[in-house]
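S.K.: Put chain B on the given structure of chain A with help from the hints.
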Amino acid sequence: MAPKLPPQPSLQHSTTAVADGQSHGHAAPPKGILRWLLTTNHKEIGSLYLIFSLTMFFIGGIFALVVRAELFQPGLQLIEPEFFNQMTTMHGLIMVFAAVMPAFTGLANWMIPLQIGAPDMALPRLNNFSFWLLPVSFTLLLSTLLMPGGGPNFGWTFYAPLSTNFAPPSTTFFILALHIAGISSILGAINIIATILNMRAPGMRLMDMPLFVWTWLITAFLLIAVMPVLAGVITMMLMDINFGTSFFDAAGGGDPVLFQHLFWFFGHPEVYIMILPAFGIVSAIIPTFARKPLFGYASMVYATAAIALLSFLVWAHHMFIVGLPLVAELFFMYSTMLIAVPTGVKVFNWVTTLFRGSISFESPMLFALAFVVLFTIGGFSGLMLAIAPADFQYHDTYFVVAHFHYVLVPGAIFAIMAGVYYWLPKWTGHYPNEKLAQWHFWFSIIGVNLTFFPMHFAGLAGMPRRIPDYALQFADFNLLSSVGAFFFGASQLLFVLGVILCVRGGKKAPAKAWEGAEDLEWTVPSPAPLHTFETPPVFHRTSH
Amino acid sequence: MDDQEQAKVGVRRTVIRTVAVLVGMFGFAFALVPLYDVFCQITGLNGKVDATAQSIVHEEVDESRYINVQFITRGSPGLPWQMSVEMRQMSVHPGQMAEVDFTFTNNSHSESWGRAVPSVSPSTATTHLRKISCFCFQEQQLQGNERLTIPLVFQLSRDLPDDINTITLVYTLYPVEHAIQNAALNNTLKSSANSDFENDLKNNLSNELKNNKAAGEAI
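Chains as they are written, first to last, in the working numbering: chain A, 105 to 648; chain B, 647 to 865.
In isolation and in its complexed conformation, chain A is listed as follows (with noise of 0.2 angstroms):
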């Protein structure tokens, strides 16, 4: 393999702030605790969050294992209906807001500018605020778990006016909290927009960029574009409740179905913004194992961006039964279909890659390889539940469960965990152990598929989600689920160790960790020194 740039030159400069205090003119950093409260180094922010996210994965999980272990059998045992349902709840907004999308912009923070040889993010200070606003968001929303009333209750999709004529006292702190996780997202995507558009590395054109690079600058268009929605949706809610307005309330003129219209409106785009990052980590790492170039890196780059502008164009496919006319039922049920194309282009490139490449099974490329899998098969529960007529029967079951986990666990989470294990030789210097990793890997792929699989089956029956009973029959299906659940729930204490001890010490990982991989990271030492190319590194031009 030939490498992809000739030796840097400008490495030698790359020290540690600490040791080279001088040449940055700026004072040694703080110890301690404010280091990291006042810290504005990409890689230290990067860090942040990808620990903040994986406590908030932890949280959610144990929401989620209260919610199956209540399901492990039929009827009513371990918990109030009250607080299934603010489990159900939390666990899918602290999943969303606070473990899958602050993943994504952990990694965006660290491999963002290493990848297009940037000093650092574009605007620092933004990035520390954007991150400290998360654990005060969060830990508003978590706190009204203890409020007289409790929590949310009303689904993560929060739908008027459950969320507001029914809703507990403590909705207004839950509003206020989304309202500081919507903030923080957008600071973040600006920063990334920013600093993709002004600190490529000298001759570094957009499409020389890695494809984490791009999918991540199209979703934080995307987030520009609907976090505010999600706001203007919250403000309104905001304004039913407290101030006698009525935006979705029927008895004031106002309209509930409206609320799900300007829900899905963010919502549908949101899904996007959990999945396209997870198509640029898996696109860094198949090539690098089957140690072949990406095929297709253009269609790859358009298919992102058909992906984002179609999201604004389906959204009413979460609201087949809402009772839209039929010219719109078929509307949205073909422009939900047509997004099966530039996502069939990805997974036939991916595909191709593979074809002839010389593969090796690292940890990194098995979650990928899963992920390529799982979320096929995610995306054509997708295709199913597109088709208007059978979502009638699919609609609120718990096959729409069964789909977007296996779109978000096996799909968003494997990639975050694959892009983890991918890039931690560059974060600590050492290789995470292998064997670990591969258990971690065999164990999860066990516990999702028998956590997510039965689903499919029950929703097909009828289960209804949502609720802490169920009908006999489902019984079978439920034991299997909740059994996946917690195998899989205690596999990820295998990963937490792994990551642990890969920052205590480890195989020694050289600059270019991976045999095949090419990207500019790879040029910087292992582990990557807090400071890297402050001067700019000479981009050279490999052919896609």
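Keep in mind that the hints were calculated from the coordinates and are not lab data.
Hints may be right or wrong, so weigh each one.
Claimed, not checked - Covered stretches of chain B (chain A as the covering partner; in silico rule of three or more C-beta atoms under 8 angstroms from a C-beta of chain A):
| # | segment |
| --- | --- |
| 1 | 654-660 |
| 2 | 768-781 |
Unchecked claim - Per label pair, the in silico range of CB-to-CB distance:
| # | chain 1 | residue 1 | chain 2 | residue 2 | range |
| --- | --- | --- | --- | --- | --- |
| 3 | B | 674 | A | 273 | 27 to 33 angstroms |
| 4 | A | 597 | B | 648 | 50 to 56 angstroms |
| 5 | B | 757 | A | 182 | 45 to 51 angstroms |
For each residue, glycine too, the CB sits at the ideal point set by N, CA and C.
M.R.: Positioned in the frame of chain A, the structure of chain B alone reads:
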């Protein structure tokens, strides 16, 4: 450093543009509310009918078709009224004028205000339904234990799509928290100069209202 200057200017430009998009999208979310209303009014998609009386159109009655018109009435927590309709369904020809009596009963001993909000299903029929006279055009006031019968006069237009054989009109009663009530409350409290006390009382009252709501929900 020329490059650094350039990057700085570029970052500023990007930030200004993205913030402009942000503000625009936030405004767009609010603009969607009236836009949605207008869109629905033109297309009738949300089943909301015109809240003003329309005049009869004298057109030939299409006796080849019978349309089944169903009436559903619903109360809501917080308003102690009952609403009933003289018949659950009727058959009409398109173009024919029809009349049906609705009865409102106030089951409590005190005066209250309410409003019936209509909804039409299927929504595609909305624009083909003409209401000549309807109680839903205005709020109703009922004295304690009063009973009031008001007719609904309507006509289906002849161009009603062929695939529609049944139309359902749903009326949901909602309480109207009328300004007069607050004014009355203020009058009774006028003597008390202690505005804290007044606020407390108001809060209690509104809490009570909410509790009633919750109680109604539980039942």
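S.K.: The structure should be examined with respect to each hint, and the outcome stated for every one.
M.R.: Each hint tested on the structure:
no., hint, in the structure
1, 654-660, "holds (count 3)"
2, 768-781, "holds (count 3)"
3, B/674 <-> A/273: 27 to 33 angstroms, "holds, 31 angstroms"
4, A/597 <-> B/648: 50 to 56 angstroms, "holds, 52 angstroms"
5, B/757 <-> A/182: 45 to 51 angstroms, "holds, 49 angstroms"
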